[in-house]
Amino acid sequence: MSNTTKVTIKAFRFNAETDYLPYYKSYEMEVGKDELVLDLLNRIKWEHDGSFSYRRSCRHGICGACGIKVNGKAVLSCKQNAMDLVELFGSELTFDPQSKKRVVKDMIIDKSDFWEKHAVVKPFVVADIDEHPTHETKVTKEEVENILDADYCIQCGNCHYACPALEVNEEFFGPAAFVAAYRFTVDPRDNAGKERLEMTSQLGQGVWDCVKCFECAEACPKEINPIEKITKLHNLEFEKGIATRNVATKHAEGFLRGMKKTGYLDEADIVLYSEGILGMYKHIPTAIKMMKSGKIHWHSGVPFINSIPKIKNLDEVQKLIKISQTNRL
Amino acid sequence: MSQLHYALFTGCTAKQSTPELLSSTLAVAEKLGIKITILEEASCCGASHLQDFDPFLSHVLNARNICYAEKLGLTMITICNTCQLNSAMTKYKLDTDLAYRVRVNEKLAEVGLEYKGTSEIKHFLYVIIDEYGLENVKDKVEIPLSSFNIAPFYGCHNIRPSELHHKSNGGENPYNPSSLDDLIVALEGHPVDYTSKNKCCGFHVELQANHTSEILAGNALLDAIDNNADMMVTPCPLCHLKMDTYQDTIGKVMGRDIKLPVLHMPQMVALALGCSEKEIGLKYHVTKAKHLKGA
Chain G
71 MSNTTKVTIK
81 AFRFNAETDY
91 LPYYKSYEME
101 VGKDELVLDL
111 LNRIKWEHDG
121 SFSYRRSCRH
131 GICGACGIKV
141 NGKAVLSCKQ
151 NAMDLVELFG
161 SELTFDPQSK
171 KRVVKDMIID
181 KSDFWEKHAV
191 VKPFVVADID
201 EHPTHETKVT
211 KEEVENILDA
221 DYCIQCGNCH
231 YACPALEVNE
241 EFFGPAAFVA
251 AYRFTVDPRD
261 NAGKERLEMT
271 SQLGQGVWDC
281 VKCFECAEAC
291 PKEINPIEKI
301 TKLHNLEFEK
311 GIATRNVATK
321 HAEGFLRGMK
331 KTGYLDEADI
341 VLYSEGILGM
351 YKHIPTAIKM
361 MKSGKIHWHS
371 GVPFINSIPK
381 IKNLDEVQKL
391 IKISQTNRL
Chain D
358 MSQLHYALFT
368 GCTAKQSTPE
378 LLSSTLAVAE
388 KLGIKITILE
398 EASCCGASHL
408 QDFDPFLSHV
418 LNARNICYAE
428 KLGLTMITIC
438 NTCQLNSAMT
448 KYKLDTDLAY
458 RVRVNEKLAE
468 VGLEYKGTSE
478 IKHFLYVIID
488 EYGLENVKDK
498 VEIPLSSFNI
508 APFYGCHNIR
518 PSELHHKSNG
528 GENPYNPSSL
538 DDLIVALEGH
548 PVDYTSKNKC
558 CGFHVELQAN
568 HTSEILAGNA
578 LLDAIDNNAD
588 MMVTPCPLCH
598 LKMDTYQDTI
608 GKVMGRDIKL
618 PVLHMPQMVA
628 LALGCSEKEI
638 GLKYHVTKAK
648 HLKGA
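First to last, the protein sequences are chains G and D. Using my numbering, read the first sequence as starting at 71 and increasing by one per residue. Using my numbering, read the second sequence as starting at 358 and increasing by one per residue.
All the given hints hold, so there is nothing to weed out.
Listed next, the in silico DSS-like pairs over lysine-lysine satisfying Cα-Cα at most 27 Å (straight line): (1) Lys380/G - Lys473/D; (2) Lys609/D - Lys647/D; (3) Lys380/G - Lys640/D; (4) Lys616/D - Lys352/G; (5) Lys359/G - Lys609/D; (6) Lys450/D - Lys382/G; (7) Lys647/D - Lys362/G; (8) Lys264/G - Lys208/G; (9) Lys495/D - Lys650/D; (10) Lys640/D - Lys352/G; (11) Lys464/D - Lys380/G; (12) Lys645/D - Lys352/G; (13) Lys330/G - Lys450/D; (14) Lys428/D - Lys382/G; (15) Lys464/D - Lys389/G.
Hints were generated in silico from the structure; no laboratory data involved.
With the hints as constraints, model all of the structure from the sequences given.
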């Protein structure tokens, strides 16, 4: 029995200087069980086409240079076993750069947008340094644990280029920048937490434009789970009193309004409360359509009035909200 | 096979803007002989937004919902991806962080409840596929969906994070999910293969980042249309609301006409099993769907 498997690799090819359009080129090779995606990239270059271009450096999963996408899955080439991908996707693998619209050549992209956004959140400890300290800075076990795994980030960009919100909204900082913002904001030696929280709470660029798709959690080769840190930044905004009343913060807090009355979210109230009376006008055409199709109910003869049933034991929910609520807007 | 019996967490939308989801779910369960007990005590899951505001409170409230399934000794089933995710994330947190569970249980004790971690949480889609079985579904098909190209739209919160769903909720490959495709085939429909099927619909930023939301939904709808879909089907009522209700405004943003019926997963099954028009509830759709009938 052969120890290798025949794999067809369809690789994205494009040279921004000479090509009008990108194209795919197929390479067939026998792949062994211990080969990494990086080995296959090397073999394309060494055995098939010396002009094939990709980034590589440490081969130890730490420099973050070799992120690409295989069949849409973000991988770190030097960490990803190739046969695991064959098991997941079959023997035809498609190699794409992290972001097709930023390609310079083949797998190499212009990552400047990533670095610019990363730099904005001040990804370092901001502190007054005592040049002649008499003792070390003490950090408790709890304080270190609170950083979670956020400092494992190697800036590979896999989550950044897997994020659909970033594809649409160029202002958005993106998951990797948020992980860095969280990591240094909760560092007890740092003084710039408030500034970072204010930055990441702004609509457009901040955490409220996260679409909650969990693509970043899936894409991270260090298993950092960036959306967990995005949620933590949301929470810190309320805990530290940074949150201002806007459509997004009211939307998050406003869930409790309906839940106190019926146990359920009040779908109409949450829109009205979040948007305000003036902001409601743009929802009127949709509301009319929803009314016509019966999506808005008329139980009492009037739309929106007593249109929501109550859960059983509603008093329990009311009491739990009263005794468990920790944050305020 | 002994009768399957589950505790149904309906979520808010099935009780409000998508009554067709609840009626078609119950109709399908009845046709398949699955017993459903509705958790009438269950409250809103917080839809990932309450979690942003007050994580402890959201864990307490979600734990309370799960307590009621535990009291019945049943698996809790969901018919909304976001309910599934928030309930499963709460369960994961309480099952792995026992000190935290104690804190949550202190609050629950005030209303006479205790979270024990004895109930599994599963989306109805995976009940049909993994526990009822597609072969058994095939035997029940009365009206094959053979005249339809159906675009499966999976919805983020049933497939990501895969680590969470791996154990008890389908275990899909998030980059190439297959359960809905398999279900469509079992009902003799033709699944549409398109790249947006595992992407985000934009529902969660509908209010605060409307442009992002419209474009994400538009990309998915147009991808399905360009691959000849007659309808889209989704296990998530939030995906349904985004893609069914807002097609006019999405079309304006995308610069193209968009008219594609977006069915709830149980509605599609109900069509094939020959459930009644009233149970399927296609009249509740904003984008016309009433014309859809099995072959």
